[in-house]
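Can you make the complete structure from the sequences, with help from the hints?
Number of protein chains: 2
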Amino acid sequence: MRAAVFHGPGEIGIEERPTPEVDGPREAVVRVTHTAVCGSDLWFYRGDSERDPGSRVGHEPMGVVEAVGPAVRSVDPGDRVFAPFVISCGRCEFCRKGLHTSCVNGDSWTGAQAEYVHVSEADGTLVRVPDRYADDESALESLLPLTDVMGTGHHAAVSAGVGEGDTAVVIGDGAVGLCAVLAARRLGAERIVAVGHHEDRLEQAVSFGATETVAKRGEAAVERVQELTYGGATHVLECVGAASAMDTAIAVCRPGGTVGYVGVPHGVTDEGLDVLSLFSDNITLRGGVAPVRAYAEELMDDVLAGTLDPSPVFTKTVDLDGVPAGYRAMDEREDVKVMIKP
Amino acid sequence: MRAAVFHGPGEIGIEERPTPEVDGPREAVVRVTHTAVCGSDLWFYRGDSERDPGSRVGHEPMGVVEAVGPAVRSVDPGDRVFAPFVISCGRCEFCRKGLHTSCVNGDSWTGAQAEYVHVSEADGTLVRVPDRYADDESALESLLPLTDVMGTGHHAAVSAGVGEGDTAVVIGDGAVGLCAVLAARRLGAERIVAVGHHEDRLEQAVSFGATETVAKRGEAAVERVQELTYGGATHVLECVGAASAMDTAIAVCRPGGTVGYVGVPHGVTDEGLDVLSLFSDNITLRGGVAPVRAYAEELMDDVLAGTLDPSPVFTKTVDLDGVPAGYRAMDEREDVKVMIKP
Chain C
1 MRAAVFHGPG EIGIEERPTP EVDGPREAVV RVTHTAVCGS DLWFYRGDSE
51 RDPGSRVGHE PMGVVEAVGP AVRSVDPGDR VFAPFVISCG RCEFCRKGLH
101 TSCVNGDSWT GAQAEYVHVS EADGTLVRVP DRYADDESAL ESLLPLTDVM
151 GTGHHAAVSA GVGEGDTAVV IGDGAVGLCA VLAARRLGAE RIVAVGHHED
201 RLEQAVSFGA TETVAKRGEA AVERVQELTY GGATHVLECV GAASAMDTAI
251 AVCRPGGTVG YVGVPHGVTD EGLDVLSLFS DNITLRGGVA PVRAYAEELM
301 DDVLAGTLDP SPVFTKTVDL DGVPAGYRAM DEREDVKVMI KP
Chain D
1 MRAAVFHGPG EIGIEERPTP EVDGPREAVV RVTHTAVCGS DLWFYRGDSE
51 RDPGSRVGHE PMGVVEAVGP AVRSVDPGDR VFAPFVISCG RCEFCRKGLH
101 TSCVNGDSWT GAQAEYVHVS EADGTLVRVP DRYADDESAL ESLLPLTDVM
151 GTGHHAAVSA GVGEGDTAVV IGDGAVGLCA VLAARRLGAE RIVAVGHHED
201 RLEQAVSFGA TETVAKRGEA AVERVQELTY GGATHVLECV GAASAMDTAI
251 AVCRPGGTVG YVGVPHGVTD EGLDVLSLFS DNITLRGGVA PVRAYAEELM
301 DDVLAGTLDP SPVFTKTVDL DGVPAGYRAM DEREDVKVMI KP
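Same order as they appear, the protein sequences are chains C and D. The working numbering puts the first sequence at residues 1 to 342. The working numbering puts the second sequence at residues 1 to 342.
These aren't lab readings, by the way, just hints derived from the structure by calculation. Since the structure is predicted, the reported quantities are computational estimates derived from the model, not experimental observations. Be aware that a few hints might be false.
The list treats identical chains as one, so a pair stands whether inside a single copy or across any two.
[As the list claims (entries may be wrong)] Pairs of lysine to aspartate or glutamate residues, derived as EDC-like cross-links and limited to a Cα-Cα distance of at most 20 angstroms, are as follows: (1) Lys97 with Asp166; (2) Lys97 with Glu164; (3) Lys97 with Glu203; (4) Lys316 with Glu199; (5) Lys341 with Asp48; (6) Lys316 with Glu332; (7) Lys216 with Glu227.
Following this line, the structure appears as structure tokens:
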């Protein structure tokens with residue numbers, strides 16, 4: 001089969017690799033029909049994080065089950081499925097608590113930007129799309145963000161405690177930030193202030209439900225949000241994962257409020273977190289790597305009911321040969337997020 | 001009147017100062033009958049934080065109302081009262097939310113280690129002791145910790161989300177840590193693991209409700225707590241306020257759990273907080289400077305009912321002349337906390 005492979009910063013190739021097979025009783029193999037390039041893929045692409053040259057890439061798979069082991073109960077060959085960005089068992093304490101990212105049997109994907117992908121724990125990981133929608137291309141494209149960015153944006157909103165009638169501030173206008181706007185609206189927020197740097201993305205935020213946008217950085221952004229929220233918002237969603245964005249999030253949070261954060265905190269350890277502001281204002285810091293699997297069913301219900309559609313985060317679609325160009329487009333910020341149909 | 005005054009690191013004097021008077025309509029003057037030396041007083045005493053030489057000290061007043069302004073409604077001269085470590089108005093958004101430490105009209109004490117103390121916002125700050133207990137010395141000594149350490153320990157427990165049947169880990173065996181043990185037990189925790197360095201204080205923790213104690217530091221403490229809790233506790237109370245204690249708290253917190261912290265985070269900004277552990281394990285960091293005023297009534301109810309008694313945190317009692325010796329005793333860790341009867 002063909003698969004996307006990392007060769008070094010800026011270099012993604014498409015190569016022949018062995019087609020995966022089912023070995024163990026709980027395993028499955030999925031023929032990938034849809035997947036995506038993630039903002040987090042840009043870290044190794046840019047050389048900001050380590051990755052072994054020659055390793056396969058991608059972690060947002062959707063496809064059709066090709067084969068399953070004898071112990072698999074929840075899916076059969078031929079089923080349309082999607083899966084979150086980590087593999088989880090569904091049986092352990094943490095999976096039962098909805099914290100699949102702390103699964104004690106958890107695993108990483110071998111690389112979902114490929115024709116086939118191997119799943120070590122099929123029952124705990126794969127989400128079956130109801131048969132009625134299994135070949136509905138529009139529904140599938142709207143479900144695909146549930147593999148990562150939509151579940152992550154939702155985790156930001158849940159972590160920040162967004163509820164009916166609330167005012168929420170979303171820091172970041174990337175795919176996760178945009179999905180966080182959708183999630184905040186879905187949870188009943190009345191005012192959603194989207195903070196970002198790109199006018200076109202902030203327009204998308206408005207069509208997703210943002211009531212106000214702030215296209216500023218640093219101190220200017222803080223001042224404007226403080227003004228709009230009469231001194232800060234009780235619910236702030238940090239959807240960037242950088243020290244500067246975390247600082248902004250804390251600075252616009254009202255005393256006693258909560259910063260829900262879902263971006264891997266790059267640079268925060270080096271530059272230090274503003275713990276003294278958290279302390280003096282009793283601001284809660286809640287969130288982390290999103291347990292997307294826990295949210296899949298409820299978000300899928302809304303997508304299939306037509307009340308939730310994150311698919312506009314995909315601004316380009318490529319086939320497997322187009323994956324290197326897809327990385328380039330996201331790296332150069334030409335596209336918000338690239339869909340891949342292998 | 002006579003008052004304790006800071007002259008420089010290690011130097012506390014007792015001096016004549018003008019007796020305060022009521023000027024504004026919402027003010028009061030209280031004749032101080034009981035107060036205390038706080039662990040946080042040791043920062044300036046040790047030269048770890050800045051303080052102007054010549055400034056008065058102390059922030060845990062209990063006494064009898066001497067005079068009130070015409071707008072004061074909740075107390076009258078002659079009433080026995082106590083007050084938390086900051087002055088709050090009781091009217092603003094944050095006081096109404098129970099976050100008195102963010103009061104927009106908030107103020108610091110002019111110095112409660114004195115014969116009299118001035119209160120700029122009497123109604124929002126002073127807590128009236130019911131007449132029946134107004135001269136009950138035993139009740140008063142049990143109520144005195146509600147001015148600071150008991151409310152702070154309670155805030156750690158509330159922030160950490162301690163509830164019925166829970167396992168809680170308390171980091172720190174100072175007065176706040178000991179009160180946090182009391183608070184966790186009061187909130188229904190079934191197992192309370194107290195972590196500290198002093199055998200005698202950990203014995204006190206046991207008599208306050210700790211079911212296990214760990215007299216170790218750093219990695220050894222983490223290993224032992226992990227062992228006792230089968231991989232970490234969901235509710236961790238950080239009651240020290242130092243980078244190393246915060247690291248321990250995060251390290252013993254179970255994925256998906258909460259670290260409730262109430263110690264001013266000394267050194268955390270310099271040394272950096274372990275944000276990556278918080279992120280990867282979805283550990284919530286909640287707490288801050290304790291809104292002790294918000295908890296005063298409910299804690300007082302239990303103290304007066306005889307089900308809560310934090311007074312054993314006082315290991316020495318002095319008069320005003322004994323204040324310098326009281327600071328020394330706490331600085332040298334001879335005493336947990338010193339009560340002052342001016």
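Now for the hints, and whether the structure bears them out:
no.: 1; hint: Lys97 with Asp166; verdict: between (26 angstroms within a copy, 15 angstroms between copies)
no.: 2; hint: Lys97 with Glu164; verdict: between (24 angstroms within a copy, 18 angstroms between copies)
no.: 3; hint: Lys97 with Glu203; verdict: neither (37 angstroms within a copy, 35 angstroms between copies)
no.: 4; hint: Lys316 with Glu199; verdict: within (18 angstroms within a copy, 65 angstroms between copies)
no.: 5; hint: Lys341 with Asp48; verdict: neither (27 angstroms within a copy, 61 angstroms between copies)
no.: 6; hint: Lys316 with Glu332; verdict: within (13 angstroms within a copy, 67 angstroms between copies)
no.: 7; hint: Lys216 with Glu227; verdict: within (13 angstroms within a copy, 49 angstroms between copies)
Against the hints set out earlier in the document, violations occur for numbers 3, 5.
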